[in-house]
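Peer 1: Those sequence lines, one after another, are chains A and B.
The first sequence begins at 160 in this note's numbering and counts up one residue at a time.
The second sequence begins at 20 in this note's numbering and counts up one residue at a time.
Calculated directly from the structure, the hints in this document are not laboratory data.
Computed from a predicted structure; not experimentally measured.
Please note: incorrect hints may appear among the correct ones.
[Said to hold, decoys possible] Here are some, though not all, of the chain B residues that point toward chain A, as calculated from beta-carbon distances under 8 Å:
#: 1; residue: Gly21
#: 2; residue: Pro111
#: 3; residue: Arg165
Ideal Cβ positions, reconstructed from N, Cα and C, are used throughout, including at glycine.
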Amino acid sequence: MPEQRVIDADELILKTERQRKFITGAQAMAEAVKRANVDIAIAYPITPQSEVMHLVGDIWAQGYLRDYYRAEEEYGAMSAIAGAVRGGARAFSATSGPGLLRGLEAIASWPGHRIPVVLGVLTRVVNAPLSIQPDNVEISYLLNCGMVVLHAENQQDVFDFTLAGFVISEKVDVYIPVAVCTEGFFVTHAKGYVNMTPEDLKLPPRDPYKAPVPPTDCEIPPARIQRDAPVQKSNFMSYLIHAVWQQEIWSSNRRAMKYINHYLGGPIEVVNEDAEVFIVASGCAAAQGREAVRYANMEGLNVGLVKVKSIRPFPEKQIRQVLSNAKAIIVPEHNIVGWLAKEVKACIPNSDAVIGGPRVYGGMTLPVELIMEKVYDAFGIKKSKKVVV
Amino acid sequence: MGLEYVRISPGFEKYMPKDYVDLVQYGQFGKEVDVQQLGQFKELVEEHPMCAGCFMAYFIRVFYAALPKPEDTIVIGTAGCARLALSQAAVPFIYGNYGDTNAVASGLKRALNIRFPNKEKDVVVMAGDGGLIDIGFGMTMHSWFRRENFTTIMVDNEVYGNTGGQESGMSPKGVQLKMAPKGKQFEKINAVELAKTAGCVYVAKISPTNPKRIAKTVRRAVLAAREFGPTFIHAYTSCNIEYSIPTEKVLEDARKREKQDFGFYEWMTDEVKEFFEQLERAPQEVKA
Chain A
160 MPEQRVIDAD ELILKTERQR KFITGAQAMA EAVKRANVDI AIAYPITPQS EVMHLVGDIW
220 AQGYLRDYYR AEEEYGAMSA IAGAVRGGAR AFSATSGPGL LRGLEAIASW PGHRIPVVLG
280 VLTRVVNAPL SIQPDNVEIS YLLNCGMVVL HAENQQDVFD FTLAGFVISE KVDVYIPVAV
340 CTEGFFVTHA KGYVNMTPED LKLPPRDPYK APVPPTDCEI PPARIQRDAP VQKSNFMSYL
400 IHAVWQQEIW SSNRRAMKYI NHYLGGPIEV VNEDAEVFIV ASGCAAAQGR EAVRYANMEG
460 LNVGLVKVKS IRPFPEKQIR QVLSNAKAII VPEHNIVGWL AKEVKACIPN SDAVIGGPRV
520 YGGMTLPVEL IMEKVYDAFG IKKSKKVVV
Chain B
20 MGLEYVRISP GFEKYMPKDY VDLVQYGQFG KEVDVQQLGQ FKELVEEHPM CAGCFMAYFI
80 RVFYAALPKP EDTIVIGTAG CARLALSQAA VPFIYGNYGD TNAVASGLKR ALNIRFPNKE
140 KDVVVMAGDG GLIDIGFGMT MHSWFRRENF TTIMVDNEVY GNTGGQESGM SPKGVQLKMA
200 PKGKQFEKIN AVELAKTAGC VYVAKISPTN PKRIAKTVRR AVLAAREFGP TFIHAYTSCN
260 IEYSIPTEKV LEDARKREKQ DFGFYEWMTD EVKEFFEQLE RAPQEVKA
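With the rest of the complex left out, here is chain B:
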């Protein structure tokens, strides 16, 4: 049905906003796009009010281009920077209360399973370090323990960026931030290990320096959640404002962190590995 609801009713083409017509004609609905073609097709998110040079905004742009089935995807977010762009995208978005994403996603995904048992409908949570690992911690963990079939993506800027620069559980130890006037007293929380322990079937850690790799990771996380269970991506998306990273140095910073503590890491269960081996081999066999 997804494609049906984005389609313009016959006769209404000339009354719809040009942006929407372009989205349907030259966008990604119903087809898969190559993220390296960004800029050559109508993207699901274009204008957004995020800060100039925000690396989270870049990650979100690539995320949308990587969705395997945007017309059948629902994104869930919470208070924080990410939702500023998420709420502007041409993909249904639910913005609940503080830190409730993984509970809302649990209810939503179950409702969709009840109502559409034979349709693939992807639910993706995209929230920050504060939303998922501080205020929403219990709900994040329990959605994984319960093995709910959706993807959680943590856009980790290591700070409450949108609220004004306060320390989060994901801020590195020693960093001086608001509400941590003497520097953070404890280590950055190891979210990836928590996700593995709690039952995620696919876990990745990434510094978004390579769009092709981001796209592959997002796609794998969404597909594995559909078939097997909870999946998690921990993405470093720096806050250039609160961490005072000059705009032109944002990518350089991401590369530095990639070498330091955000080297690409991917872990999955054996059955997920086997699934991808088959899935990703298939197109080549067709060509041959």
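Isolated chain A, as found in the complex:
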């Protein structure tokens, strides 16, 4: 491995010259971890995530990380992550579908324990029937945990979100975990161009004393989260303290927005902001939405795209503003429940304009033609032959 030099986070993420590589999403995530000065990574196998933690294991073996092990299962892995982070280390793990749900009790407690960490979520079907295929319904289970949830469209996003995720999660006024989600296989196992920061530069190490809740390391008086009344007693003070603690988690979540603006260019990306009809999409569906905008453009239809990068905090104001004059809003998704459509409907006054779908799930791909059908419907166009190109 090359000797790595520590460089300021803003310099590394925003200013260094980037090198273009053609790599998989799994590689992009591991490459970001390599540059993030991670102390410990804890792995547990599950398809399609495994590839990420194999690669992270390799970079540990090369000396980029201080510690790495294969845990007993996801609940153990996510609990050990909590222990490592409370001990002051910078940590990383990744999981998929059923693994995420198995670890969810621990993961959902991270924000309350004030655990700044990055978790890769490489989505797949949640069993049963057993399947390992792409589907992102699992993201809906993360939405009410309090953590920051980013959804990557492609390999480049995976790299950028993962690297910035460590910085965002450790900001004193945030200090909650960041989930970097992307579609398994479509992104993890497919290659794309990724502009990467230099391999010999890394983030500064975690400073666990720059924290709203100090680490438990016997170097500093500990935070006594569990002491006395707060959560243990049945009286009004204990209810109040727990309520305030929850409020603080969600305030922290909202405060992450300014760093999402700073490091990721904002929580949304808008293509053709004067469009009549918008496609609102996140993750892989945004890539297909982007293609649909191109198709529509070829046909002279005024269609735009809102790509949502940050699901939590959810950019309500920004989305409301962009969609204020939209005639119709199409929300293509890789799941059956339509969690993104619900989020969009809840934040705009004209929720009737939302066309929930197309939705694919269980491993299906999302052909652009499916989105185009909704576009034609939105414009009232009747076509005998709907396939465009």
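Based on these hints, arrange chain B on the given structure of chain A.
Peer 2: Quick look at chain B alone, frame taken from chain A:
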């Protein structure tokens, strides 16, 4: 550093609570105490909300007095009775989720090793039979298989005491408890043998009738974990509420169980044995 963080910043002595000032001046930070002097020094845990006559509370009191380096110790617990006292002690305490103690301790100990490779920082899990052998079983066992350097102490009251008296894997066969309305159908799990098989380097089983012996066992378990690998103490700490043991009969019950199935048992690897032989002989040589 441990002593540094418990120390009161100059000028603040008169503003700190008296209990804290006493703890620093007359407590066990930075020195070793003799458990037989309990009551003559400021203890790490004093007030706690555990039931009157609780033998677990007594065991925990002796446990804290026995810690070789309380200012550099982190205790990890889980849901159950023990954490009611553990969270009141003047030793950092982490209370995670249900049954996660040995996974959290694994991550924590590794983080401390990364950050402070040249400092001794002790991690001790203290959890119940439910937390360690039922819900946390996999994590308990795997922390031992991985040979993580921390101590696990099971305070076994043979029941989910804090949750309301349900059967646990450590309840004796035949005992009628909640969720076992016809009596427990299978034997008490042999945790000590599991610990030996799974790779613990020091294993002890104890009915806490003799404070000096408790202290020696705790101290050995912590020191061996520091140097060699996982260590385990299985302590009988009766639930006088769920098992209806009159308060004045709690010690009598512990003695009865000591004769019955909780006779003191200590096992360690040869290298740990050699380590203690040297360590425990040393002070006498100094005196001579």
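Peer 1: Hints the structure violates: just list their numbers, smallest first.
Peer 2: Nothing - there is no hint that the structure violates, so all of them hold.
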